[in-house]
Amino acid sequence: MSAASTGWRRAARWVSAIALGGVLSAACAAPAPAPGGDFTLTDHHGEPFHLASTRGKVVVIFFGYSMCPDVCPTTLSKLASVARRLGDQRDLVKTLYISVDPERDTPEVLKADLEYFPLDALGLTGTREEVDRVVAQFGAEYRIVPTPESAGRYAVTHTTTLYVLDQGGRVRLTFPYEATTDEIVTGIRSLLGPADAPEEGTRR
Amino acid sequence: MTNFLDRIRSAPTGLAPLALLALLSIAPAPGLGAQASAVSVTNAWVREVPAGRKTTAVFLVLENSGPTERAVVSGSTVVADTLELHEMKREGGMMAMSPVQRIAVPAKGSVELRPGGLHLMLFGVRQPLAAGDTVPLRLVLDDGSRIEVRAEVRSMRPMP
Chain F
1 MSAASTGWRR
11 AARWVSAIAL
21 GGVLSAACAA
31 PAPAPGGDFT
41 LTDHHGEPFH
51 LASTRGKVVV
61 IFFGYSMCPD
71 VCPTTLSKLA
81 SVARRLGDQR
91 DLVKTLYISV
101 DPERDTPEVL
111 KADLEYFPLD
121 ALGLTGTREE
131 VDRVVAQFGA
141 EYRIVPTPES
151 AGRYAVTHTT
161 TLYVLDQGGR
171 VRLTFPYEAT
181 TDEIVTGIRS
191 LLGPADAPEE
201 GTRR
Chain X
205 MTNFLDRIRS
215 APTGLAPLAL
225 LALLSIAPAP
235 GLGAQASAVS
245 VTNAWVREVP
255 AGRKTTAVFL
265 VLENSGPTER
275 AVVSGSTVVA
285 DTLELHEMKR
295 EGGMMAMSPV
305 QRIAVPAKGS
315 VELRPGGLHL
325 MLFGVRQPLA
335 AGDTVPLRLV
345 LDDGSRIEVR
355 AEVRSMRPMP
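As given, the protein sequences belong to chains F and X, one line each in that order. Residues 1 to 204 (this note's numbering) make up the first sequence, in order. Residues 205 to 364 (this note's numbering) make up the second sequence, in order.
In short, the hints are calculated from the structure, not lab data. Treat the hints with care, as some may be off.
Computed, partial: chain X to chain F, Cβ under 7 Å [stated by the list, open to error]:
1. 298
2. 335
3. 362
Built from N, CA and C at the ideal position, the CB exists for glycine as well.
Bound conformation, chain F alone:
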């Protein structure tokens, strides 16, 4: 218990250091650097994952954590609906769920979460430093909030934006948490280009 609580304290310090860094850099850098870029994390099979390996696919990225009861299941469920709506074009899209709670979200935990949804998705985790680097790259944010009165011990407040990358790995679209399946499907189709694949429901 005490080891665990030192764990989150250390993590909380990390996050505040990063938040402070963000404030400082925002204060002096005028044009925000284009978010995104390549990264390496560990996937839910325990294998190294390089974003560069997804070139040629549209990639949907979001940040979350498994203990969260709402955002992550809702987002995964919505993206599974998106995939179904994309029909044959679904094979051209990859979903990445990056955990901002790497202490608890081991590859095994992420696997249990992801296998439930009919979706071509990978759960990604890594060391705290690795995850923080990717969070910063995408301009996402999270904060570890101790909840000593709860069996959860701590909660992770986090951004819920969906980032959609084109086939070259550039962030082209972002969607808020409230975006509908329709909006996301339309956005992804705009990146996939003219569909030579049939739409769902036709010729299947």
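Assemble the complex: chain F is given as a structure, and chain X must be docked to it using the hints.
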């Protein structure tokens, strides 16, 4: 410390039965609470729990037909180690989850526990919960009464 029972014992004998009656009416008898409560629950459901997952959320609607505000202050279930009252909230561009002490149900009013808002969290879920299963829950109100709830497990997968 002179406690309540001492005072009852030392009270004139004629008053003792009355005091005892008062004591009984303060502490609700088990089983009676559910009937006495003005608060009822409808549309209770739980997110399906695949093997390997240990947490889930419960959503429901609380209705208060009485003239006094009531609040849910705790609860329990046989399917999980802990049941807690939680709330999801937007904080700027972020979503935050935090435990809350109570969930108030206004007099002659209702409150909806729903995704993205107030909900019950189950920690340490003991077995996978499959769509169609029913989960028994017990909620405790601030007046000591209890509500027995049967929540239906619902799938999180998109409908085919």
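Against the structure, the hints:
1. 298: holds, 5 Å
2. 335: Result: violated, 11 Å to nearest chain F Cβ.
3. 362: At 4 Å from the nearest chain F Cβ, residue 362 of chain X passes the 7 Å test, so the hint holds.
Violated hint: 2 only; the structure is consistent with all others.
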